[in-house]
Amino acid sequence: MKLMEILKPTFWKVFSVLVVIVGLVSTFLRFSQGLGATTNLHDQVPWGLWIGFDFIGVGLAAAGFTIAATVHVFNIHKYEAFVRPAILTAFLSYSVVVCLLIVDLGRPDHFWHPLVMWNIHSVMFEITWCLICYTTVLLLEFAPVVLEKFNLHKPIKYLKMISIPVVILGVLFSTLHQSSFGSLYLIVPGKLHPLWYSSLLPVHFYISCIASGLAMIIFESFIIARAFSKEDGFNNTGLKMNLLTGASYVVLIALIGGFLLKAYDFIANGKLGYLFVASTETYLFYLEIILGTFIPIALLSQKKFREDKKWLYLISIAVICGLILNRLNVSITGLVASSGINYFPSFDEISITMMLVVLAISAFRFIAKYFTVFIDEESHSERNEHTEKAEIVNAREVLNS
Amino acid sequence: MRKGNGILFDVTLCVGCGSCYEACKEANNLPETNKDFLKDHLSDNTFTVVEQYGDLFTRKNCMHCDDPACASVCLVGAIKKSETGAVIYDAEKCIGCRYCMQACPYKMPRYEWGKALPSIRKCSLCDTRVKEGKLPACYEACPTEATLYGNLEELIVIAKKRMKENPDQYFDKIYGLEEAGGTHVLVLSPVPFEQLGFVPNVPKEAMPEFTMRAMEKIPSVVSIGGVFLGGMYWLTKRKNELAKEKNTNNGN
Chain E
1 MKLMEILKPT FWKVFSVLVV IVGLVSTFLR FSQGLGATTN LHDQVPWGLW
51 IGFDFIGVGL AAAGFTIAAT VHVFNIHKYE AFVRPAILTA FLSYSVVVCL
101 LIVDLGRPDH FWHPLVMWNI HSVMFEITWC LICYTTVLLL EFAPVVLEKF
151 NLHKPIKYLK MISIPVVILG VLFSTLHQSS FGSLYLIVPG KLHPLWYSSL
201 LPVHFYISCI ASGLAMIIFE SFIIARAFSK EDGFNNTGLK MNLLTGASYV
251 VLIALIGGFL LKAYDFIANG KLGYLFVAST ETYLFYLEII LGTFIPIALL
301 SQKKFREDKK WLYLISIAVI CGLILNRLNV SITGLVASSG INYFPSFDEI
351 SITMMLVVLA ISAFRFIAKY FTVFIDEESH SERNEHTEKA EIVNAREVLN
401 S
Chain P
1001 MRKGNGILFD VTLCVGCGSC YEACKEANNL PETNKDFLKD HLSDNTFTVV
1051 EQYGDLFTRK NCMHCDDPAC ASVCLVGAIK KSETGAVIYD AEKCIGCRYC
1101 MQACPYKMPR YEWGKALPSI RKCSLCDTRV KEGKLPACYE ACPTEATLYG
1151 NLEELIVIAK KRMKENPDQY FDKIYGLEEA GGTHVLVLSP VPFEQLGFVP
1201 NVPKEAMPEF TMRAMEKIPS VVSIGGVFLG GMYWLTKRKN ELAKEKNTNN
1251 GN
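Protein sequences appear in the order of chains E and P. Reminder that position 138 of the first sequence reads as 138 in our numbering, one-by-one numbering, no gaps. Reminder that position 214 of the second sequence reads as 1214 in our numbering, one-by-one numbering, no gaps.
Hints are computed from structural coordinates only; laboratory data are not their basis. Just to be clear, a hint being listed does not mean it is correct.
To be verified - Here are the simulated BS3-like cross-link-like pairs (lysine-lysine), alpha carbons at most 25 Å apart as the crow flies:
#1 P/1244 / E/157
#2 P/1081 / E/191
#3 P/1204 / E/191
With the hints as extra help, turn the sequences into a complete structure.
The following block contains the structure:
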């Protein structure tokens, strides 16, 4: 019965199996024939879709540190229900990023070199180390979910003991490397289009990842709620509308902050003129700003949209699209003019990327289904409170006797 | 005072014979890439090219920056500034991230896209030859002394002298003197450098400075951030405890 259920073909299963098969063939070709034969990368376009996708993956994983900080550092426990989905999302995103980085490396056989060969002046060095450390942090943060499934309570106890320092380290590593992805481009003032080049790039990257990381969690909550329930999934998944509204409020603040920073950057550096130059870059810049910043700010600043399921879902998609556009604009569009080459990713570049994304989504579905990722927030915190109350009463009794 | 050697290339003296191109190919064991050297471009098998702009000819090759962007961004330190003045590359260390290609303001590093295990390729200012006591192949081959090789400070003096003696003959600028904080390849030209395909508006500052301004903030971000987060944890936890205590007291 169960086997039959797994083998039952659905659109998603057939699609993902096909994507993975094609992706594996592309991966084989990429490693056996090299980058030139399988990608559209070029001496003038050394970075392409894979690097762009790394930026997107890391940006969308940002809820992993923002939610963990909210709950564990700032002790706002009502968002507890978001912690596990956020950490799982972050962990899977980082796994995709690491795989893509290795696929992109010209010498994947040398991937371990940064561990022993150091150049501390390189932003890439900082990013590599933060990636390694933060992925470890995510593993530690998510380990309890796996351990409790197999009833291994002892290691969970040890993990709990170090959990606060681990969360704080995670926030610091994330802050550093989310912004560092922007710092990567500080050294190309002459190449990156002025619409995107700014000495504030690291700050832009940091603020935008906070907004879109949370948007990603809102988006996921809706998707999961729809997948796991027939009627109103919010009860089943333990997610409450008031939490999503609360998160969307933070998205609004981050978007406004990001916009103000951008406005300051344009005025202070005299870049306003570029907004009126008719070019592909300008159009893509407007698309990014209008879709990812203006529309979400306009809608989220009204309470009725923040509290409306359908609108919140659509707004979260807009914010995510804004981040995707921004990162692709910085890593690809903004560099086209100076390279003089019109880069478009090759079939193999796209198929390997799609394979990794499909694998990550499948892993998310699998883990969300068989592990306790979406906990019923209310019963959980109630239970906690009950046990705490009981403990206090016990302690008093002991003291009294 | 800039240390090490460099190249002074004078466009007014270049006759476009291609001797430097051929000598470079030979010295570096590079295969033929184009029958007509004037139509060739820099690639993994061409480290220097001769380009024609009307009656003028100019060379293009790695500029060997004083404080190279490529070396500062390389996370494993595969690119280094040699004591000879050359910017040199160690394929044994390279992991192939290609950040050097992205960072170079002159877009000089090339990649062996056709190979399964590729390396970065570019002019090394014949670093190994110079260390063996020999001279760069392009300099040796040049019949008109359009390419000079030697101590960089001396080359700057020669360049300035030429410009002073024949101000009508030269455009009033030594390309490479200030570009990207100064390079070890200096170029003299009778026309503005954009007209010869040289990258215009390269910042006067050394490129690594742009990154350093952000990187130097890391220690304070980490220390202030760490203290802030630790403090917030302690404060909010205490606040919650007090609130809870109050609740239970009221309950009793």
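Outcome of the hint check:
no.: 1; hint: P/1244 / E/157; verdict: holds (24 Å)
no.: 2; hint: P/1081 / E/191; verdict: holds (23 Å)
no.: 3; hint: P/1204 / E/191; verdict: holds (15 Å)
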